[in-house]
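**Student:** In case you want the letters, here they are:
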Amino acid sequence: MDKEHYYKIQESRHGKDRQALFHRACVGIAGLGGLGSHVAVMLARLGVGTLVLADFDIVDETNIHRQHYDLADIGKPKTQALHDQLMRINPYAEYRLFQEKIVPGNVQKIFEGCTVVCEAFDRADQKAMLAETVLCTMPNTFLVGGNGMADTKSANLMHVQRAMKRYYVCGDGVSDVADSCLFAPRVTLCAAMQATQIMRLLLNEETI
Amino acid sequence: MKVNGKIISLEKPVSLHEFLEGLGYTVSHVAVEKNGDIIPRAQFSAVMLNDEDSLEIVCFVGGG
Numbered sequence: 001m002d003k004e005h006y007y008k009i010q011e012s013r014h015g016k017d018r019q020a021l022f023h024r025a026c027v028g029i030a031g032l033g034g035l036g037s038h039v040a041v042m043l044a045r046l047g048v049g050t051l052v053l054a055d056f057d058i059v060d061e062t063n064i065h066r067q068h069y070d071l072a073d074i075g076k077p078k079t080q081a082l083h084d085q086l087m088r089i090n091p092y093a094e095y096r097l098f099q100e101k102i103v104p105g106n107v108q109k110i111f112e113g114c115t116v117v118c119e120a121f122d123r124a125d126q127k128a129m130l131a132e133t134v135l136c137t138m139p140n141t142f143l144v145g146g147n148g149m150a151d152t153k154s155a156n157l158m159h160v161q162r163a164m165k166r167y168y169v170c171g172d173g174v175s176d177v178a179d180s181c182l183f184a185p186r187v188t189l190c191a192a193m194q195a196t197q198i199m200r201l202l203l204n205e206e207t208i
Numbered sequence: 001m002k003v004n005g006k007i008i009s010l011e012k013p014v015s016l017h018e019f020l021e022g023l024g025y026t027v028s029h030v031a032v033e034k035n036g037d038i039i040p041r042a043q044f045s046a047v048m049l050n051d052e053d054s055l056e057i058v059c060f061v062g063g064g
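Top to bottom, those sequences are chains A and B. Residue numbers for the first sequence follow our numbering, beginning at 1 and rising by one. Residue numbers for the second sequence follow our numbering, beginning at 1 and rising by one.
With the rest of the complex left out, here is chain A (with noise of 0.2 angstroms):
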């Protein structure tokens, strides 16, 4: 399907002028894992025009019950074995590769120009350290991060809060993979939160 074609199908399902909007938008990722993974696929579904993709690890294993992987996709970095299902889903939207691990020191680098940066780690003290170098050092991204998606409880119990004025936070605040499992539905739930406020940002509204 050539891009024009493929252009006018997507303002067809989405109408022309969220189009333009999604098509003009950087988002960054920040972890490729069970929340980036689903995220950065509906961004592409959506038609994000540049999306950028960072995470410094390699599928494994212990990656598929969750992730947007599959067994093929053992020992590829994530940030190309992605990148390889993204092309197949929107060929035509930008993808700027980062497979290196996100600190404070590249955070701005990796995704300068993103109007919003989803946090997509694992890790509560990556979370924290996230949310505070976008947050203090990026004064125009707006951040949608993900915690407490862990355990089978009721999906009734996550939501989408925005803790700060730039910050937004999906899930149910409270489960721990410390305290219980990972487990696809909840996680990809918790995905699908996040990308619909970055989608709902990308559309100016601010709201929840």
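In case anyone wonders, no lab produced these hints; they're calculated from the structure. Please read all numbers here as calculations on a predicted model, not as lab measurements. Virtual Cβ for every residue (Gly too), placed ideally from N, Cα, C.
Sample of chain B residues facing chain A (criterion: CB under 10 angstroms; computed from the structure):
{"hint": "1", "residue": "27"}
{"hint": "2", "residue": "31"}
{"hint": "3", "residue": "32"}
{"hint": "4", "residue": "39"}
{"hint": "5", "residue": "40"}
{"hint": "6", "residue": "41"}
{"hint": "7", "residue": "61"}
{"hint": "8", "residue": "62"}
{"hint": "9", "residue": "64"}
DSSO-like mimics (lysine-lysine), calculated; alpha carbons at most 30 angstroms apart, straight line:
{"hint": "10", "chain 1": "A", "residue 1": "165", "chain 2": "B", "residue 2": "6"}
{"hint": "11", "chain 1": "B", "residue 1": "34", "chain 2": "A", "residue 2": "109"}
{"hint": "12", "chain 1": "A", "residue 1": "101", "chain 2": "A", "residue 2": "76"}
{"hint": "13", "chain 1": "A", "residue 1": "3", "chain 2": "A", "residue 2": "16"}
Could you slot chain B onto chain A? The hints should help.
**Tutor:** Frame of chain A; chain B shown alone:
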């Protein structure tokens, strides 16, 4: 003072770091906004709280 929307009274001035530890938070697992400004972790010990302050504390758990 106001913490995550709830009113609590502060009996004596304390640093943000002491305040968080007093509530049982792991300091490396939180993000804190004071009166609308995000506070870098490196300043937690230097930032003093008073009864008029408003804090938003996000406490992170693992999983993703």
